[in-house]
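**Q** Going line by line, the protein sequences match chains A and B. So in full-length UniProt numbering, the last spot in the first sequence is 297, and the numbers never skip. So in full-length UniProt numbering, the last spot in the second sequence is 342, and the numbers never skip.
If you are wondering where the hints come from, they were derived from the structure by calculation, not from laboratory data. There could be a bad hint or two in this list.
Claimed, not checked - In silico lysine-lysine, DSS-like type, Cα no more than 25 Å apart, as pairs:
hint: 1; chain 1: B; residue 1: Lys32; chain 2: A; residue 2: Lys147
hint: 2; chain 1: B; residue 1: Lys251; chain 2: A; residue 2: Lys147
hint: 3; chain 1: A; residue 1: Lys147; chain 2: B; residue 2: Lys175
hint: 4; chain 1: A; residue 1: Lys83; chain 2: A; residue 2: Lys43
hint: 5; chain 1: B; residue 1: Lys251; chain 2: A; residue 2: Lys123
hint: 6; chain 1: B; residue 1: Lys251; chain 2: B; residue 2: Lys331
hint: 7; chain 1: B; residue 1: Lys337; chain 2: B; residue 2: Lys251
hint: 8; chain 1: A; residue 1: Lys83; chain 2: A; residue 2: Lys270
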Amino acid sequence: MSSQTKPAPTATERKPHLELSGVGIEFPTPQGPFCAVQNFNLKIREGEFVSLIGHSGCGKSTVLNMVAGLHCATQGGVLLNGKEVTDPGPERAVVFQNHSLLPWLTVYQNVELAVRQVFGRRKSRREVREWIQHNLELVQMTHARDKRPDEISGGMKQRVGIARALAMEPQVLLMDEPFGALDALTRAHLQDSLMEIQADLGNTVIMITHDVDEAVLLSDRIVMMTNGPAASIGEVLDVNLERPRSRLELADQPEYNQYRSAVLRFLYEKQQKVEPLKGKPAKQAAVEETDDAHRVA
Amino acid sequence: MSTATTWLKRSRGPLLALLPGGGQTHPATWLKQNWQDLVARVITPILGLLVFVGVWHLGAQQIHTSLGTFPGPAQVAEQAQNLVNSHLAENQREVEFYERQEARNTQMLEQDPDAPVRWRDYNRRPTFFDQMVTSLWTVLGGFGLATLIAVPLGVMIGLNQTLYRAVNPVIQIFKPVSPLAWLPLVTLVVSAVYASGDGGLSRSFIVSMVTVTLCALWPTLINTAVGVTSVHQDLNNVSRVLRLNWFRHVKTIVLPSAVPMIFTGLRLSLGISWMVLIAAEMLAQSPGLGKFVWDEFQNGSSNSLGRICVAVLMIGFIGFLLDRIMLLIQKWVNWDKSAIVR
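So here's chain B without its partners, still in its complex pose (with noise of 0.2 Å):
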């Protein structure tokens, strides 16, 4: 004992700080104290998982479909990988084209200078992991619109009783309303508004885009209401004796007593766009995880149950990372560094 903490000592380097137990303690010394705590956190949860892929190993194949036997996990990970390989493929294709063009126009521009050579751009077949970066845009779009909306018209509703009564039918009207019944809407409006295809964002992204965000605004924009309402009387006080203006009022008092509550909207509405955007992406055909999932069904071969679920599983994760990235933002932006954000 007393000789590993001197080694300790003597070695302390930066490194040591990603060990367990920070370097303050010898790693076994800090596994001899923390085996239960490993047990509870990491042991727990890949049982859970173990236990959920085999009922699903079972399970799968008790259920026969048109499409033959329901992928169990091996399948998946068999179409998994397939899908790796042909995003690779694909990458390898691209990059011989390049290469191809490069050779054949240095080739034209040698013999004649004044050639006229043409440089096109490879014309790529969405792999599903170009679909996944598709997805995680239209959402990163549609969820930022809602944020610059949301907040701000939540700070100020809940700034004012007056603005927020008049508001507030509104919101619970709309609030309910499924991103299916926005579509045609949203499709027709941006048909007629938005004139694609000259260099921009394609029409049916915008589609998904504004989908997404008439369904995310609505957690924000009541949990930033709420946060600003619940703001203490006590420092509404503080504010008042001190002459506080509006911006400084907002700025010092409001919004950091709101931050809480925002970022639970956030969160709220982060996950929701991300569930609505694959049946957007599957009504409005913009080239997402949801049109991956709507071409295997349609596309109907014996390997596309196993594709759709390694779709939902990515589906899954991603959602998962999103809302852990959000945490990660929201512990940042706290100024309550004790509190339990979960």
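Just chain A, same shape as in the assembly (with noise of 0.2 Å):
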């Protein structure tokens, strides 16, 4: 929040700013309740960009909806800044899977709606129309403000939707797979942005992503889930290269290759995709686990 207008001031920048503890939670079914997500312990420091890693179905996005307070957790809970998160709020802004831009606004009025809402009468006419000039501008979007998001492309529209996002002001900045709907080139396009305006304004970062690559380029951090039901914390993975980062530096460099090897084989030896669930057990396995393989960054 604060570190959007003013540099983020180092003291603080150590000290936990979003905590994950004990966090899980329950869905009711006719089958009796079922265990999404158990145990989810995580500690994230003020400007942090932490990645979520997982097979499709493993409750990442369950974990991204609690913070964002979208889902209530079950058991434990989730605290910003000391205080218990309960509902949804612009301080926590997500950038959704498919952008979810209200397609009866332009780019321009979308943004708008975030702003006059967040910001009310705390923003002069001329305040908001410059502070929604100049987040379009931090994605450069802003030769597009009057086109609606069936007139840009796909790329374009997740632009939008980040703008929207940053707008808010939002002491975490929560994103659902922002690019997993993106061609390959927008999505090195757009991870190359997102780098540049994380190292701006120092925004704490949730991201999801199914992309191993995204990850290490991206993150300070990687955590990496069990598979569900009743995921967990596998193993996180301190990513300590240096930034800003380089696509192509980072190819030929070891480290980058050992991070990315870390994760695959976590991935593809450690928590291998069980086949479609018909009864489902592999709960007390991913449980068993996750207590072993689980540390504390």
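The task is to assemble the complex, starting from two chains supplied on their own in separate frames and drawing on the hints.
**A** In structure tokens form, the structure reads like this:
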């Protein structure tokens, strides 16, 4: 939040900013409660970029939605600056996988809706206009400000989604597979943009991804999740690559490839995807695995 | 070709946009490129109509009723002409009446400025076209009232599952009720509640209008509710993250998403309104097209069947026009200009 307007003070940079302690969630189903996520512990520093990676259906989105407040944890809780998260709010802005722009509003109006809602009377008309413009500049979308979402490409929509989220001045930016639906080139572009923006603003980011390269390239830490049901943290990998990072230079660095293969090994050896569950066992195995593999950074 | 385009470029005016091809291509070139489309869109429907008229003409001659042979296209056209003539004649009579009254009164005032002059309204005998206008007003009134009730209520029950469950049985029970069943009830209630005659709307008008409303409510109500429920979950999440309050949520998220469904409902409702109206007017004796048909039926002259046919065609044509108008409004209101609405 403050990081966008003034540089983050170094003293507070290391304090736990967002904390997930013993978070778990059960959904009621006709066959009894279904435990999607269990015993999820994670501390995130201010300005940190954390990726959640895991096989599809493992509960990554559920975790993100609990941080967003869109789902309510049934065990444990999420603390942001020491306060428990109970409902959604603009200080935890979400960038949705399929952009979720309102199709009847222009690019400008979509961002405007967020700005007006978050800042209300605290900004004058002119300030609002400038703030929207500024955020569209951040994602390089000023040229299409009067276009409707169905008139721009998928990558552009996602840029606008990011602008809308950033315009809320969130303390935490939550991204649910933001680039999942994009082609490889567009994705690379957006990843670079995101890195620049994050370097500029120092937002705390939690991003869900399927893409190992994306995770290593962008993250300070990669949280690898075990397969559901009752998913939890399998391993946490610190990515100590120097910033700013360039994808071309990284490709030749041995460390980069080590990080990559660490994640790959986790996904394809330790957590090999069990084929679609007919009767759902694997619950016990997953829990045991998390216990010994878990470590807190 | 090149001379044609230079000619076009030089003389491109606003009128040119009205030409086929929108002034971008020479009309002759446009015709050459689009003749197949033209045949499909214009010629085929006209052929269909012609075939219908032919079958009607031949078929009508085989049907003998107590009022003579069933009218064919020619007789119906003749009756249509008669109806136009009697409308014009009535207009003429009205004009003459006022002229006579004007002349008489000015003469009286000239002789004696304090003379008790009386200005009367012409007691016009409603012609076919007057009745048509009455019908249109009734249907607009009934449909408008239905919309005013159904859209807000539909939004309400669409947003609230409990309310929906509570209201749903009532909707399901009243939805299939025919206007003929409503009419006696409406007539009695309106006579009890509404004192007519004092310059306001006539009682029979109100009765037909309310009957229309009661039958037109349901499609709009149900479609609005469904449209509102089917708002994309992601957009609801956006609304929650932004903490939009109820009104802004409805205004910026719910209503725009539901617009296509609301209009589907409105168009169904308008269609039903128009159909119900004719029946309601027949029974309520409201001076509209329904009454015209009924009166002609009771009248039973040799012209009656032809006139009823004119009315039937007119009713169909107006119904079609009403739907087209609604379609235009839908296109205008819908945010998704690329959507194919038909």
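**Q** Now look at each hint and say whether the structure bears it out.
**A** Hint check results:
1. B:Lys32 x A:Lys147: It is violated: about 36 Å lies between the C-alpha atoms, which goes past 25 Å.
2. B:Lys251 x A:Lys147: Within the cut-off at roughly 21 Å; holds.
3. A:Lys147 x B:Lys175: Violated: A:Lys147 and B:Lys175 sit about 42 Å apart, past 25 Å.
4. A:Lys83 x A:Lys43: holds (14 Å)
5. B:Lys251 x A:Lys123: holds (23 Å)
6. B:Lys251 x B:Lys331: Status holds; Cα separation ~19 Å.
7. B:Lys337 x B:Lys251: Holds. B:Lys337 to B:Lys251 sits at ~19 Å (cutoff 25 Å).
8. A:Lys83 x A:Lys270: Violated, at about 35 Å.
Comparing the model with each numbered hint stated earlier shows that hints 1, 3 and 8 do not hold.
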